[in-house]
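Chemist: The primary structure of each chain is shown beneath.
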Amino acid sequence: MTAAQGTGAYHGFYKKLINDPFDAVDEALEGFAGAHSDLVRLSAPHVIARRVAASAPKVGLVIGGGSGHEPAFAGYVGRGMADAAACGNVFASPPPDVILNAIHEASSGRGVLMGYGNYAGDVLNFGLAAELAIAEGIEVREIRVTDDVASAAPQEIEKRRGIAGDIIVFKCAGAAAERGDSLAEVERIAVEANLATRSMGVALAGCEVPGAGRPTFELGADEISIGMGVHGEPGISRGPLEPADAIAGALVAAIVADMGPQAGREIALLVNGLGATATMDQYILYRGARRALEAAGFHVARSYVGEYITSLEMAGASVTVTTLNDELHELLDAPARTTRFVQ
Amino acid sequence: MTAAQGTGAYHGFYKKLINDPFDAVDEALEGFAGAHSDLVRLSAPHVIARRVAASAPKVGLVIGGGSGHEPAFAGYVGRGMADAAACGNVFASPPPDVILNAIHEASSGRGVLMGYGNYAGDVLNFGLAAELAIAEGIEVREIRVTDDVASAAPQEIEKRRGIAGDIIVFKCAGAAAERGDSLAEVERIAVEANLATRSMGVALAGCEVPGAGRPTFELGADEISIGMGVHGEPGISRGPLEPADAIAGALVAAIVADMGPQAGREIALLVNGLGATATMDQYILYRGARRALEAAGFHVARSYVGEYITSLEMAGASVTVTTLNDELHELLDAPARTTRFVQ
Amino acid sequence: MTASLRDCILAAADAVDAGRDELGRLDAVAGDGDHGLTMAHGARAVRRALEENREAPPADLLAKVAMAMASIGGAIGPIYATGLLKTAGAIRASESWDGAVTLDRLLACADAAVGAVTALGHAKPGDKTILDAMTPLAESLRASEAEALPVDEAISRARDAALAGAAATSGMIASIGRAARLGEQSRGTPDAGATSFAMIVRAAVDTYLAAAREQTSGTAR
Amino acid sequence: MTASLRDCILAAADAVDAGRDELGRLDAVAGDGDHGLTMAHGARAVRRALEENREAPPADLLAKVAMAMASIGGAIGPIYATGLLKTAGAIRASESWDGAVTLDRLLACADAAVGAVTALGHAKPGDKTILDAMTPLAESLRASEAEALPVDEAISRARDAALAGAAATSGMIASIGRAARLGEQSRGTPDAGATSFAMIVRAAVDTYLAAAREQTSGTAR
Ligand SMILES: Nc1ncnc2c1ncn2[C@@H]1O[C@H](COP(=O)(O)OP(=O)(O)O)[C@@H](O)[C@H]1O
Ligand SMILES: Nc1ncnc2c1ncn2[C@@H]1O[C@H](COP(=O)(O)OP(=O)(O)O)[C@@H](O)[C@H]1O
Ligand SMILES: [Mg+2]
Ligand SMILES: [Mg+2]
Ligand SMILES: [Mg+2]
Ligand SMILES: [Mg+2]
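Protein chains in written order, with this note's numbering: chain A, 19 to 361; chain B, 19 to 361; chain C, 47 to 267; chain D, 47 to 267.
FYI, nobody ran anything at the bench for these hints, they're computed from the structure. Mixed in with the good hints, there may be bad ones.
Stated by the list, open to error - Heads up, simulated DSSO-like pairs for lysine-lysine below, C-alpha to C-alpha not over 30 Å straight-line: (1) 110/D with 170/D; (2) 170/D with 177/B; (3) 177/A with 170/C; (4) 110/C with 170/C.
Okay, chain A solo, but in the shape it has when bound:
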């Protein structure tokens, strides 16, 4: 029996406001559904669905993944974005039955698109859920987000993992579904948004899975990791801490190199805080990234700064760039009424 169990406080590396680590996800979801009951409800264990379903049948959008990334994924359920979120245990994909329940919530006869980050566990579980749903006669497609340029070479783009680009892809797909597009159309748009989106992050300090008693990874007192993933997966380089502008420059350079020659394009720019990094710092990083992108000839047409998809109390941030065409631009700007994304 570790100190992490039982009814006492949880004593790990980081001080956490949790009770029993076993219950952290359930309690956070209960809190989430209670706080935002005007927008969502806990429709089944680990499933957050819209409070009120769309009035007319539409393509359903189910999103999901492991927990510990709050406000993702439940924070993007609502009008104009997802119909339901399937929430797993911490850093663990939701199981097929949870995903299937989410599909049931999202399904109104016009098919369901499942959107998730490209991780082995998610691929397995969403795949199994899709089989179950298809056996029930529900048409299901999926989009695996692969925006993290640090996670695989360009020729292996299908191996890349999904990080903050999730939000952009889900927003575009959700808006397409909301305006009544067909499943094939919504899927096409999701694929297009994913291909247009690239991200790269920097980790400054680790995070701790509740109950683990120690951080998942540790960096030296002055060390950072560029390209590290949201669960602590290694990145492209470890090195000493640099000024924000230098870090922003490195992230942007990697993204731009991966995009190929696209200068002059309109882009959306998202700076995502991973959990512990100050909001002030996020805006400083945004400024550096924007300047670097403008110097590279891009026009920043839309910006998002904040904690969109976190890794518990991990310190660091990521930069996401989406090249926009008129359609993606319009879909990004379409109204949304979710807990975390309101416009």
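Assemble the complex: chain A is given as a structure, and chains B, C and D with the ligands must be docked to it using the hints.
Modeler: Same frame as chain A, but now just chains B, C and D with the ligands:
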């Protein structure tokens, strides 16, 4: 010359995504204004104003305080809330000339209400700014938010400092101004909202003023401080880390004791993350606080969970309770279109 | 009396709880650090399944345990689930299953499990996954069958093969799943999933063998 | 030649930069830790004011320096600003100010500054604020005037009084401003604002006295 100066990376206790600490506030504001140029503009140094002024003359609402609390205060500028924010250096009140520039932005002939947390520096600087504005013929009133029950005894409520309750007070006052209320009315509502609002926070770990090279305060490996203020001002008790429910219970108990017998009342409940505490943990704390409040006979009618007013990368959170009457309820629910508060 | 399947499973659940910190630590080296907590969720779910299916025959019980493991999600949930489901299927398929533990039946179960995990996850031996503990177990059973060893001896050897297989993953470079991106850095630490599998096998086998020995000595007396 | 007011102010700005870490640390004990950064912002602003007002006479220059200090905000910005503004006023008020430093003129400045800070901040000596360094300085000048000491000797004593006053705040309990809530815990650390004031006074006075000594020895030669 310390390591913190010059063009190299900033090496302090926490790894920060900043450049020269001297420039942190200016760069963050440049980033903020750039990212949210659809809603706001940097109208003068350290002043964030609405992109588009209200179409008809209205009472102006100027808010402000030290920086390092992002998204406060600039994040609350926009339709339905503040007209301008005056932003100081880190943890330092803005100076009178900055506040006066904000007053000029906010003034459209029907007077200006200044809203700020009750700190010595803010009282001095906003007071001087008001004198300057009054000398120019602008009618100015002020509301000093005093929601933190840990900061002074009930009989010295005017000595209490303002923490997350700022947001509730500014929202109600902003909505009243937006619907066309007179300056006296807007002031009355702000006073009422402040009196109806009580907060109490818990600090888990410190934060570092850029350039200081060390945290403002340190807590033991297992130590927390209940009632600690957003800049590290001491609270009512230090003790070992406890489960989230116990902490929520302690915060709620202090708030409820201070409110006196009000069971059965409708309340708004705000759980505010201070910077480094995981969003998951904020929802777990919310759940505990809500249960404790319901057990005490309150009805939670409105909820807000997230980082509304931070202290750089400080770990911890606060609980804010506002007893609602029909008017405050309606004002809280009125539309708002700011960067951080959209509804 | 022989240990019931139920006792073996319970012992495995206890072993997973006891190993929770170690599993989390191993997964943190090359993965995302959740394997301890995830498997502990699995142990809870499995205990609940045992509780709710007190009268289920072995194949049905294993199917319920498989569903319990599926319910934990992650990469590991479906992997354990599919392995257990095919094991249950192998038991059902063995004609006139009378509860007797025989070598060919055990081998059929192990092969079914290895086949299922391979089919689902597309890993091969040497990729530094759970398969590197599962495959040696199956191969050991196959060798024991060829040598016509007594069942208990074969089971004991199979357990040791799983443990050795898990330990040997320490020398491998991860090339699949979340850990793959660490490449060379993953060498020197055993794989988390292989280790949890070896823990489970050891606990279940030791429980089985202890009861079997007790029965033998009881019969001898 | 005597040190210009400009030289004294520049020396003070350098001292504040050099003391930045210490000021931040002191403020962190009982306050919010920003006094180092805030005063460093002040030093920058003051240098810019000197740069932009190269020809300003002393009173006007001090008024510009006051505005520079006001621009840093916080509690400390208005406090330094009002003290400096009233000092500038006292200089202007002294009839036929000819640039000569006399004891009565210095005392009038010090009293004006103490009065202004008291009027703005409502602190009293013993509250553990900047006043606990400012007041001893003024009292020392008053005593020197009564004794009719030479100006340079009086200035030297006044500096020591400010330093001693700042050091003595270590024994006090904060009872005003942000630090007040720490109560007993604030004892044992000097007040940040009193310390920055003493730093400034020391740098300015030492610069003045060094130049004065140089002049004297030059005259003697
Ligand atoms: N494709 C696969 N085939 C076989 N085993 C795998 C595969 N992917 C992962 N695993 C096993 O799963 C383990 C990780 O489990 P866990 O940490 O619970 O899941 P996750 O990878 O989702 O965090 C690895 O150590 C490995 O043994
Ligand atoms: N009311 C007051 N009267 C005189 N001095 C004060 C008063 N309030 C604060 N101070 C001085 O200001 C110093 C703190 O300055 P600083 O940290 O820059 O401002 P803030 O308190 O806004 O963070 C204190 O150490 C004290 O000397
Ligand atoms: Mg995982
Ligand atoms: Mg301050
Ligand atoms: Mg894992
Ligand atoms: Mg201070």
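Chemist: Any of the earlier hints contradicted here, and which numbers?
Modeler: When the structure is compared with the hints, none of them turns out to be violated.
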